[in-house]
Amino acid sequence: MSSVLPILLLLGPLVGSLAIFALPVGKEASRTVEIVHVAAIGFLLVMALAVGGVTLASGPVGAFGQWVYVDPLAAIFVGLVGVVGFLTGLYSLGYIRHDVEHGELTPFRHKLYYGFFNLFLFTMLLAVTANNIVMMWVAVEATTLGSAFLVGIYGKRSSLEAAWKYVIICTVGVAFGLYGTVLTFSNGSEVLADPHGAILWTTLFANAKALDPMLVKIAFVFVLIGFGTKAGIFPMHAWLPDAHSEAPSPVSALLSGVLLKCALFVIIRYYAITMQAVGPEFPQTLLLLLGFLSVAVSAFLFFVQQDLKRKLAYSSVEHIGLILLGLGFGGPLGLGAALLHAVNHSFAKALLFCGSGNVLMKYGSRDLGTVKGLLRVAPVSGVLMMAGALALAGFPPFNVFVSEFMVFNAGLGSGWIWLTIGAALLLTVTIAGFVQIISGSVLGKAPETMRKGDLGFATLAPMGLLMALVLIFGFAVPQPVTTLIGRAASVVAGGPATALEPPTPIYGIAPQLQLEARR
Amino acid sequence: MSGIHLVNGLAGLLIVTSLLVVTARKPAHSAMFYAAQSFVLVLVFLALAGVTGSHELYTWSATAFFTKVILVPVIMSRLFGRLEDQKLGTGERISPALSVILAAVVVVLCFVVVSGVALPTAEAVKPALAISLAHFFLGLACIVTQRNILKQVFGYCLMENGSHLTLALLAANAPELVEVGIATDAIFAVVVMAVLGMQIHRTLGTLDADQLTTLKG
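Here the protein sequences line up with chains A and V, keeping their order.
The first sequence begins at 0 in numbering that gives the first Met the number 0 and counts up one residue at a time.
The second sequence begins at 0 in numbering that gives the first Met the number 0 and counts up one residue at a time.
Just chain V, with the same shape it has in the complex (with noise of 0.2 Å):
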């Protein structure tokens, strides 16, 4: 199987687990799935590294799995493993088929969308692309569709998997800052929403989004 192939093919395997990730009953579990997930994304930098020669995707890669598969999910299931809402459930909005299925139409659409761009670099990866835009809406699908609030953080990292991966995909050699800013922020991201959620838990004594309607208007 040729390089490209396998780009692909792992690209693939990445809609499976951001679904584990949406569908987990538990955020500490999420966590992990999360962890995964990300364990996927490193093994396709390493795959796209070897097929373009870029010098920075290794190094991404090196970055990528020191933040998204060990500290953001340490630092996650630290935070949230304490935190229980029992009152909530799994806190669904859509059942998990519901879920699956809605998956399966985001990323039809994207493939659709993706066919359209004209970019050279973009031939041999598209299916790639369209599963990197994909993963973009599945986590903003995410958001929308869990009442957990923690469950929403994951959403938002799902989105930015989606946009890493499309980064990688479309401009291997961007400097390996531009790499370093965007976990960054992500990280610090992660820990500002991983505080506020134990604030609200500590004074709301809920995690349930639909709980928070004081304001209005």
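Chain A extracted, bound-state conformation (with noise of 0.2 Å):
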């Protein structure tokens, strides 16, 4: 179906941002650039919403003659940059401000700041929606272009140093990326009756079976490497702590909630075509070994990390990981279970960054010697970062452990059981991580000095709508995302669609998965 929808979606933060751009800089951090900013997130929230639901009610849109297009898979990424772009943006009002306030940053790079960080939303749109191959990778190559300067923002030393590293790992990985995707669509344009048809993922994934098998295989690894490097796929993520620690605190929410994801999602894209072409056992070993690759290397340099933002950064790494677990595990429960993985990961992983940020505004220091007793100085912020944190160590009833219980069942119902009981034993030094950001800096005795009094409504409020969706999913996932997540597995699988039902305190822990009735 062809829709305005999807044009609209794209145009509210390029449109956002340009305003932004073109706004005048004045002595003091301008109120009409937040204001633009504001209203450009609303405007994305309420369309990323209405393009899931009439994806949701009415099957895939498209607009532009099929370049953009989104189907259920790329409706769960839409929803993603929609939901935690909107809070990550709005938490950015306070914090910036707390920055200009303490000369951290120039009223120029307040407006810069709210400028890229909308262009950043829409290069993230834009590769989600692009049925175009090509148009996806330079989305992607966008992305880092868009963000390297929210990374280098403070213009510091180490800030510069995160990112020239991201810049340039990032654009050689994607580079790897573009070779697989010319290498997809001349294979594509030699095999298919209408070359022009290759250059779309939606005519390559009709007509896979046709496709040369080893030039699929060649461009699957170069894909999987070039964009692997952008999802901070072990060994490709040498970029993504220093980005992740050095960027302000809702950048770093948005590298690590949406960001990688974004990239994730091309994988997966080219993951579909593979499977069809050549079968699921060549992509699938290749995923589940960078997937248990990613989990072990992550979980230890996690724990001995002494940094908060680079110890969530390498648990990134680790979420993703379980996350190529769940796809190679394969099947509708595994494929749905790293699609939920991916957004419960996204919301608590976006309330742990800004709880970050509110301790970096507290205590002046990311360094886990120096933070202690957050819980006494801002009791708000340190209930939430606590109740993130152990969201993301995978306890109940918060909403990463069910999609974790996911992916483990999927992986003991594959029969890749040692693999699965590796991957198990290896969060057990995550969760001792977790416990040393709680005890130490959560609880902990405050320093003497320390002004008492948590940070503002401003900061609070959009940590408190992350914390609603972590324990909203941790309870009992919404049936329309339920239905998307299971439709979209079956995209990837190519088979019937099915709901997924996933494992809740109310229903008891039983997946199990349902035939759903196309309509």
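These aren't lab readings, by the way, just hints derived from the structure by calculation.
Heads up, the beta-carbon is just placed ideally off N, CA and C, and yes, glycines get one too.
Zero decoy hints are in this set.
Calculated cross-link-like contacts (lysine-lysine; reagent style BS3-like; alpha-carbon spacing at most 25 Å): (1) V:K215 with A:K371; (2) A:K155 with A:K26; (3) V:K86 with A:K155.
What follows is a set of in silico ranges between Cβ atoms, one per label pair, in the way DEER data are often shown: (4) V:V190 with A:E27: 25 to 31 Å; (5) V:I93 with A:S438: 46 to 52 Å; (6) A:P234 with V:I69: 34 to 40 Å.
Covered stretches of chain V (in silico footprint by chain A; criterion: 3 or more residues with CB under 8 Å from a CB of chain A, positions within the stretch not fixed): (7) 141 to 151; (8) 162 to 174; (9) 177 to 185; (10) 189 to 203.
Please assemble the complex out of the two chains, which come individually in their own frames, going by the hints.
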């Protein structure tokens, strides 16, 4: 179905970004900039949910001659950009104003921040709505360019270093993605009746069986290396801890919560083509290998970090690894679990990165040796941090538990018993790491000189909303989301649609899959 | 000499120019060699257009000429010309002679890999295809073997030229917009890297990648 909705969705943040860049800079941080920003992210949220709703009700929507295409798979990621983009955008208001007041950012950089923030949202939306595979690559490359200045916005030695590493590693990585894209396109244009159709993912997917198997395999390896760099998969993750720790906290939340998922989305698109063309064994072996390595290496690196934000960054690598494991286990349950875990991790990690922002504003440090007793100093922030840490460590009744449980279930169900047990054991290392954060920094004894009092409503409200999402998805994943994920899994697997039934404390722990009659 | 021979011969010339880009003593010189290399690339596109009769390739040649032969080198020599790091010197991790040997090894390996590809379109242009792949990896090698961060930017440009050539060889009839998208992105990438490089030079007073070691672990 052709619709104007995806175009409006894309235009929102783009127009917002251009408008903000065009605004004049005064001696103080401009309120107008913030108003335009809030309008843009509000519009983004509404449009993202609307596009998701329409996809759910009446099937995939396209625009620009199918160059832009939102099917259930894309709708999940559009929703992530919309929801997490909106909440971290709101959180930015209090955080960035604090930075301006304390002289860390000039009014000019304040404007640049919001301009690039919206541009970054636009590029991520473009990546997840692209059906044209070259446009998909262009968009992912553009996400790097759009967010590089956000990473280096403080202009300090360490932030510039992080920005440089980010740009170099990711553009080089994504150049591999370009090579994979080019190979796939050439392969398609060779065998398809209409060579121009080879540019569209939908056409390539429909005709995947006709593609040259050898080239499909080579292309998948290039794609996995290329977009895997951007997704923070081990061993291509080197940029991630630096960029996540040096960026302003709301940007860290966006990088970890959404950007990594957008790159994964591209990998999932190619995974679907590859499974059709050469069968599941080849791509799944690669995904399981990289997934397990990501979990294994990051669990220990996570544990030893003393810097709160670096710690959280390594935790992101670990969760990306878990998502890869889910994808690699395959089947409707594995794919569904992976997609749900992508969503759940986004909410929980965005919450914790915002929490790390509160810690920074309060203590002026990210060092876990310095940050002590947050619960006494800033009680609401402390409770939110603690809940977020427990959620990410995988405790019920929080959302991450539900999807982790499903991933492991899929692992046992698909016969990868030792791999699943190994990954589950590694998670205990992670739990220990989160206990460090909770027992030392959230509980612990606050420094005597520390002035008590929580941060303002502007920073706590978005965190409260994220917390609510973490709990809602922990107790009972909303019906539209499970339906969408079930259908997305069937898009990837190329089978009939299945509705996902996650385990919840209410329904009892019994993940089942029920065939949902296609309308 | 037939068109296909011309394509393969010119592709060989690309390796020579990319070695010049990598081994040039100053980033501003590299920019000039990069322009020369892009010009060779445009010639390859034109020769290929003559062979395949693809109209799209003529358009590509025009956009590539404008962006890669003129725009990007001008931006780079303007921005990089002013940046100096005396202490860094040439910033090579390996000697130019070793670079040449390394390049030869990469080219041979790529010929071996490409010989396994069974696509009918690729048959006649296999040497050029191998070189385009080698070009991609030479770019990567440039980033790894150069400590000067400005030279690393050229590494990316070489990788991008390599994939561009692969695209032209294997899918000469790709829509122009594809090519425009890739070219625009490459320009933005170079601009962003150049601006960051300038900020680093201003704040840290160095262009040495080995000096960027504050963040660890």
